[in-house]
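A.B. asks: The listed protein sequences correspond, in order, to chains R and X. Residues in the first sequence are numbered from 419 upward in steps of one, following the working numbering. Residues in the second sequence are numbered from 650 upward in steps of one, following the working numbering.
It is worth saying that the hints were derived from the structure and are not from the lab. Quick caveat: nothing in here was measured; it's all calculated off a predicted structure. By construction, the Cβ of each residue, glycine as well, lies at the ideal position given by its N, Cα and C atoms. Wrong hints could be hidden among the right ones.
Claimed, not checked - Capping the alpha-carbon separation at 25 Å, the derived lysine to any residue pairs in SDA-like fashion look like this:
| # | chain 1 | residue 1 | chain 2 | residue 2 |
| --- | --- | --- | --- | --- |
| 1 | R | K438 | X | G689 |
| 2 | R | K484 | R | Q460 |
| 3 | R | K459 | X | A730 |
| 4 | R | K438 | X | S720 |
| 5 | R | K459 | X | S720 |
| 6 | X | K675 | R | L464 |
| 7 | R | K484 | X | R748 |
| 8 | R | K459 | X | D732 |
| 9 | R | K459 | X | L724 |
| 10 | R | K459 | X | L697 |
| 11 | R | K459 | X | Q658 |
| 12 | X | K718 | X | G689 |
| 13 | X | K705 | R | W517 |
| 14 | X | K675 | R | G479 |
| 15 | X | K675 | R | Q478 |
Stated by the list, open to error - Partner residues aside, some chain X positions facing chain R, computed with beta carbon under 7 Å:
| # | residue |
| --- | --- |
| 16 | G691 |
| 17 | L692 |
| 18 | H694 |
| 19 | R748 |
| 20 | F751 |
| 21 | E753 |
| 22 | P761 |
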Amino acid sequence: GAVVSQHPSWVICKSGTSVKIECRSLDFQATTMFWYRQFPKQSLMLMATSNEGSKATYEQGVEKDKFLINHASLTLSTLTVTSAHPEDSSFYICSARPWTSGKEETQYFGPGTRLLVL
Amino acid sequence: SQQGEEDPQALSIQEGENATMNCSYKTSINNLQWYRQNSGRGLVHLILIRSNEREKHSGRLRVTLDTSKKSSSLLITASRAADTASYFCATDRGASGSRLTFGEGTQLTVNP
Chain R
419 GAVVSQHPSW
429 VICKSGTSVK
439 IECRSLDFQA
449 TTMFWYRQFP
459 KQSLMLMATS
469 NEGSKATYEQ
479 GVEKDKFLIN
489 HASLTLSTLT
499 VTSAHPEDSS
509 FYICSARPWT
519 SGKEETQYFG
529 PGTRLLVL
Chain X
650 SQQGEEDPQA
660 LSIQEGENAT
670 MNCSYKTSIN
680 NLQWYRQNSG
690 RGLVHLILIR
700 SNEREKHSGR
710 LRVTLDTSKK
720 SSSLLITASR
730 AADTASYFCA
740 TDRGASGSRL
750 TFGEGTQLTV
760 NP
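Okay, chain R solo, but in the shape it has when bound (with noise of 0.2 Å):
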């Protein structure tokens, strides 16, 4: 139990062009999803909380406007990187937390989404 998913695993687009990355978990519902970015050799940077039903949250520094998050359902969240730049190349991490009784400790990783940007 308690798998997330990542679509798609790895993605290479022009710089300029907008990219979306879905990320679902796949048998528990979670009204919380968090998007990170890592860079090689590199720790996860929490970029935003995504919540089910309202607006993310986002971490200071990451541009809103660019990185576009939507939380449609209680099993799928959405990161769009909009106009992507070759600095937006890296690998993108989303994660779930189960709610489960009320408690809310630990968070199910996704694969990840590797993006180069030309």
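Position chain X against the provided structure of chain R, taking the given hints into account.
C.D. replies: Showing chain X alone in chain R's frame:
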């Protein structure tokens, strides 16, 4: 800056040896979690230890937490080549939203 700092940044050992990784953090926490990441992959949750716990075991994993020193350690006993991966600690402050803050990670290499 990252909440957590881990040492060592890299650790190379022989199969069968024990591996110890340390994590320090700066603020009060609700719980601390350890994750594993194979190269280019997502994270796998290993173990969660709450702020009122001092030690926890799971198979070959042993985690300790010292809230007075704001530090935690992860011990992997009888290491195997398949344990080669990056290991991250992550702190959860327990505030609204319970966001995780990750440490810099330790790259563990277990040589056969």
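A.B. asks: With a cut-off of 25 Å on the C-alpha distance, tell me whether X/K675 and R/L464 pass.
C.D. replies: holds, 17 Å
A.B. asks: For the pair supplied as a hint, R/K484 and X/R748, confirm whether the alpha-carbon distance does not exceed 25 Å.
C.D. replies: Roughly 21 Å separates the two Cα atoms, so the pair holds.
A.B. asks: Between X/K675 and R/Q478, does the CA-CA distance stay at or below 25 Å?
C.D. replies: holds, 19 Å
A.B. asks: Between R/K438 and X/S720, does the CA-CA distance stay at or below 25 Å?
C.D. replies: violated, 38 Å
A.B. asks: X/K705 and R/W517: Cα distance at most 25 Å?
C.D. replies: Between X/K705 and R/W517 the Cα gap is close to 23 Å, so the pair holds against 25 Å.
A.B. asks: Starting from R/K459, check that the Cα of X/D732 is at most 25 Å away, please.
C.D. replies: Judged against 25 Å, a Cα distance of about 18 Å means the pair holds.
A.B. asks: Quick check on X/G691 please, does its C-beta sit within 7 Å of some C-beta on chain R?
C.D. replies: Since chain R brings a Cβ to about 4 Å from X/G691, closer than 7 Å, the hint holds.
A.B. asks: When the nearest CB of chain R is found for X/R748, is that gap smaller than 7 Å?
C.D. replies: holds, 6 Å
A.B. asks: Does the alpha-carbon distance linking R/K459 and X/L724 stay inside the 25 Å limit?
C.D. replies: holds, 22 Å
A.B. asks: Would you settle whether the hint for X/P761 is holds or violated, based on the nearest Cβ-Cβ distance to chain R being less than 7 Å?
C.D. replies: Check failed: Cβ of X/P761 comes no nearer than 23 Å to chain R, outside 7 Å.
A.B. asks: Is R/K459 within 25 Å of X/L697, Cα to Cα?
C.D. replies: holds, 24 Å
A.B. asks: Does the structure keep R/K484 and R/Q460 at a Cα separation of 25 Å or less?
C.D. replies: holds, 22 Å
Hint check: violations occur at hints 4, 12 and 22; the rest are consistent with the structure.
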